[in-house]
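Visitor: Assemble the whole structure, with the sequences as input and the hints as a guide.
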Amino acid sequence: MNTDLPLTAAPVPARRLRRVPVLNAFVHDVTMDDVLGLREGLLLTLHVDMLMKLQKDREFHDILDQFDIVTCDSQILYFALKFLGTPVRERVSGSDYFPLFYTRYRDDPSVTVFLMGGKPGIADIAARNINAKVGRDFVVGTSAPPFDFDRDPAEIERMIEAVNASGATVLLVGLGGGRQEKFIIRYRDRFPKVRLFLPLGGTIDYEAGTFRRPPAWVTNAGLEWLYRLVKEPRQRWHRYVVHEPPVIPLLIRQKLGRYRNPFGKD
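When the sequence shown is numbered by our numbering, its final residue is 266 and no position is left out of the sequence of numbers.
Worth flagging that the hints you see were computed from the coordinates, not collected in a lab. The structure presented is a predicted model; accordingly, all values stated were derived computationally and were not measured. Treat the hints with care, since some could be wrong.
Claimed, not checked - BS3-like cross-link-like pairs, simulated, lysine-lysine; straight-line CA separation at most 27 Å:
| no. | residue 1 | residue 2 |
| --- | --- | --- |
| 1 | 53 | 133 |
| 2 | 53 | 231 |
| 3 | 231 | 193 |
| 4 | 231 | 119 |
| 5 | 255 | 82 |
| 6 | 133 | 193 |
| 7 | 53 | 255 |
| 8 | 56 | 182 |
| 9 | 182 | 193 |
| 10 | 119 | 82 |
| 11 | 133 | 119 |
| 12 | 53 | 193 |
| 13 | 56 | 255 |
| 14 | 193 | 119 |
| 15 | 119 | 182 |
As the list claims (entries may be wrong) - FRET-style restraints, in silico, Cβ to Cβ:
| no. | residue 1 | residue 2 | range |
| --- | --- | --- | --- |
| 16 | 233 | 110 | 37 to 47 Å |
| 17 | 82 | 226 | 14 to 24 Å |
| 18 | 213 | 128 | 30 to 40 Å |
| 19 | 235 | 99 | 34 to 44 Å |
No residue lacks a Cβ here, since even glycine has one placed at the ideal position from N, Cα and C.
Guide: As structure tokens, then:
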């Protein structure tokens, strides 16, 4: 990262944003407009899958404070914060945010994006779709690393070199919750031209059109998980039926003042 540039250029500096605790993590009480104003720094959009990973992944937990803005990404989490008595003003999901981001900066040539993630060829489709909407080469490079990229130093070097060769000033990373955030923190200093880091999970698939979002009323009712489960039962079963439901008793414990951080902090 260019250390001559400030990390945060949001309308409200991150250090002044209200932090809302949830289990052993937190979100900032921000609006979409606040997040769209972030031109430089690190964004994280927190959802239930990440909350459950944070109960076991110490490295992921320990890097949260390095992100300038942490948003409430899911409607389920939005309802949970109301249940805890600490509501936030808006749900700001990555899939809602990114189309607004490229629409807002379509006429700003200093903003160019590299898409990292997705299955082979998917990021290329997303790039074509985005560039057609924006009307210029907004996405200037793509990469589809193998699932085990983090075990291959040579592959990591190829990923870094591809981003730097593109000249992109924004890096969107879709490598899965936890993995993408750790990649950014580990290697951000290797990207001298990148000013804004966006770990946005499945956004590449949405932009490619390989997976469509449900109607707004489904998302607003907190039923997007069910929509995805019905559409892709084999791929989604473990996440939505096994991995995420234990968040409910954890949130009840927090409500009763009985939740304890598994890493001994807080």
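Visitor: Are the hints correct? Go through all of them and say.
Guide: Checked hints:
Taking the CA atoms of residue 53 and residue 133, the gap is about 35 Å. The hint is violated against a cut of 27 Å. For the hint pairing residue 53 with residue 231, the CA-to-CA distance comes to about 24 Å; that is within 27 Å, so the pair holds. Proximity of residue 231 to residue 193 is assessed by CA-CA distance (about 39 Å); at most 27 Å being required, the pair is judged violated. A threshold of 27 Å between alpha carbons decides the hint, and for residue 231 with residue 119 the separation of about 18 Å falls inside it, so the pair holds.
Between residue 255 and residue 82, the direct Cα distance comes to roughly 11 Å. Compliance with the 27 Å bound is thereby established for this hinted pair. Restraint check for residue 133 and residue 193: satisfied, since their Cα atoms lie roughly 24 Å apart, inside the 27 Å limit. With a C-alpha separation of about 20 Å, the suggested pairing of residue 53 with residue 255 holds against the 27 Å cut-off. Straight-line distance between C-alpha atoms of residue 56 and residue 182 comes to about 14 Å, which keeps the hinted pair within the 27 Å bound.
Between residue 182 and residue 193, the direct Cα distance comes to roughly 19 Å. Compliance with the 27 Å bound is thereby established for this hinted pair. A threshold of 27 Å between alpha carbons decides the hint, and for residue 119 with residue 82 the separation of about 36 Å lies outside it, so the pair is violated. As the CA atoms of residue 133 and residue 119 are separated by approximately 22 Å, the hinted pair is consistent with the 27 Å bound. With a CA separation close to 31 Å, the supplied pair residue 53 and residue 193 exceeds the 27 Å bound.
Between the alpha carbons of residue 56 and residue 255 the distance comes to roughly 21 Å, so the proposed pair stays at or under 27 Å and holds. Taken as a hint, the residue 193 and residue 119 pair is honoured in the structure, with Cα atoms around 25 Å apart against an allowance of 27 Å. Restraint check for residue 119 and residue 182: satisfied, since their Cα atoms lie roughly 20 Å apart, inside the 27 Å limit. Separation of residue 233 from residue 110 is about 44 Å and conforms to the stated range, judged on CB atoms against 37 to 47 Å.
As the Cβ distance of residue 82 to residue 226 is approximately 20 Å, the hint placing it in 14 to 24 Å holds. One distance hint, 30 to 40 Å for the beta-carbon pair residue 213 and residue 128, is violated here, with the actual separation near 19 Å. The supplied range of 34 to 44 Å is broken by residue 235 and residue 99, whose beta-carbon atoms lie about 24 Å from each other.
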